[in-house]
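Chains as they are written, first to last, in full-length UniProt numbering: chain A, 1 to 134; chain B, 1 to 134.
Please note that the accuracy of each hint is not assured.
Heads up, the list lumps identical chains together, so a pair's fine if it works in one copy or across two of them.
Unchecked claim - Calculated cross-link-like contacts (lysine to aspartate or glutamate; reagent style DMTMM-like; alpha-carbon spacing at most 20 Å):
1) Lys29 to Glu130
2) Lys108 to Asp16
3) Lys29 to Asp85
4) Lys122 to Asp16
5) Lys52 to Glu130
6) Lys52 to Asp62
7) Lys108 to Asp47
8) Lys52 to Asp85
Honestly, the hints are just simulated from the structure, not real lab data. Model, not experiment: these values are computed from the prediction.
Number of protein chains: 2
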Amino acid sequence: MIGRLNHVAIAVPDLDQAAALYRDTLGAKVSAPVPQPKHGVTVIFIDLGNTKIELLHPLGADSPIGAFLGRNPAGGIHHICYEVDDILAARDQLKATGARVLGDGEPKIGAHDKPVLFLHPKDFLGTLIELEQA
Amino acid sequence: MIGRLNHVAIAVPDLDQAAALYRDTLGAKVSAPVPQPKHGVTVIFIDLGNTKIELLHPLGADSPIGAFLGRNPAGGIHHICYEVDDILAARDQLKATGARVLGDGEPKIGAHDKPVLFLHPKDFLGTLIELEQA
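Using the sequences and the hints given, assemble the complete structure.
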């Protein structure tokens with residue numbers, strides 16, 4: 001079911017400092033910040049060649065990463081995203097095994113304008129998994 | 001400096017259950033467990049096409065992931081590994097910026113028989129980073 005690793009998302013408390021760290025210290029290819037008000041985050045994309053790192057910073061009062069940064073003030077890995085061919089088929093197959101899909105179980109349009117779902121970390125080895133229809 | 005994402009390492013409390021989750025529930029390509037006594041872990045490799053997930057389980061009394069699993073009994077993402085062309089040049093460049101390299105700063109031979117180093121999570125957005133000479 002799961003295909004490529006689309007990205008690893010790292011929540012960061014200071015976007016400029018995080019961008020400078022990846023660009024200047026680690027020498028990576030770092031995008032400009034991209035505000036995504038619908039998703040409550042500003043994102044910086046880091047192109048690693050085979051996959052991406054996404055640096056996430058809260059945007060607005062209701063950011064989905066606000067609580068995470070409250071618990072992890074220095075930042076940390078927030079989720080990993082796997083690609084799937086058919087997100088509804090993937091969801092139904094996962095739910096049939098008893099795995100929990102977050103929210104109302106309906107895919108939302110994610111940061112890459114593709115349907116996404118999140119899976120409950122307690123059912124997946126303590127890792128928050130995003131599925132994105134490739 | 002950093003190149004491809006070599007792998008994401010997830011520490012897991014039960015290797016059989018974790019392998020079944022990735023193989024049966026998530027439909028991924030999962031290896032047999034590979035004991036690596038020198039590294040204090042047993043590893044399962046998951047081939048995602050563009051990169052790998054490595055499921056790590058403690059092996060022996062002095063496992064480097066024992067304390068992490070103590071803090072995260074359900075498991076969790078332990079580190080991410082970036083490839084570099086020249087690990088000594090990367091180390092020296094990072095140390096010159098004030099970033100901390102773990103241990104004595106000398107590369108060890110890692111799980112893939114290549115030289116590796118770990119960087120201090122407090123200097124890298126709360127993420128433990130492994131560098132591996134590609």
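Hint by hint, here is what the structure shows:
{"no.": "1", "hint": "Lys29 to Glu130", "result": "between (23 Å within a copy, 18 Å between copies)"}
{"no.": "2", "hint": "Lys108 to Asp16", "result": "neither (28 Å within a copy, 33 Å between copies)"}
{"no.": "3", "hint": "Lys29 to Asp85", "result": "between (28 Å within a copy, 16 Å between copies)"}
{"no.": "4", "hint": "Lys122 to Asp16", "result": "between (32 Å within a copy, 17 Å between copies)"}
{"no.": "5", "hint": "Lys52 to Glu130", "result": "both (14 Å within a copy, 16 Å between copies)"}
{"no.": "6", "hint": "Lys52 to Asp62", "result": "neither (25 Å within a copy, 33 Å between copies)"}
{"no.": "7", "hint": "Lys108 to Asp47", "result": "neither (24 Å within a copy, 27 Å between copies)"}
{"no.": "8", "hint": "Lys52 to Asp85", "result": "both (19 Å within a copy, 19 Å between copies)"}
In summary, the numbered hints that this structure violates are 2, 6, 7.
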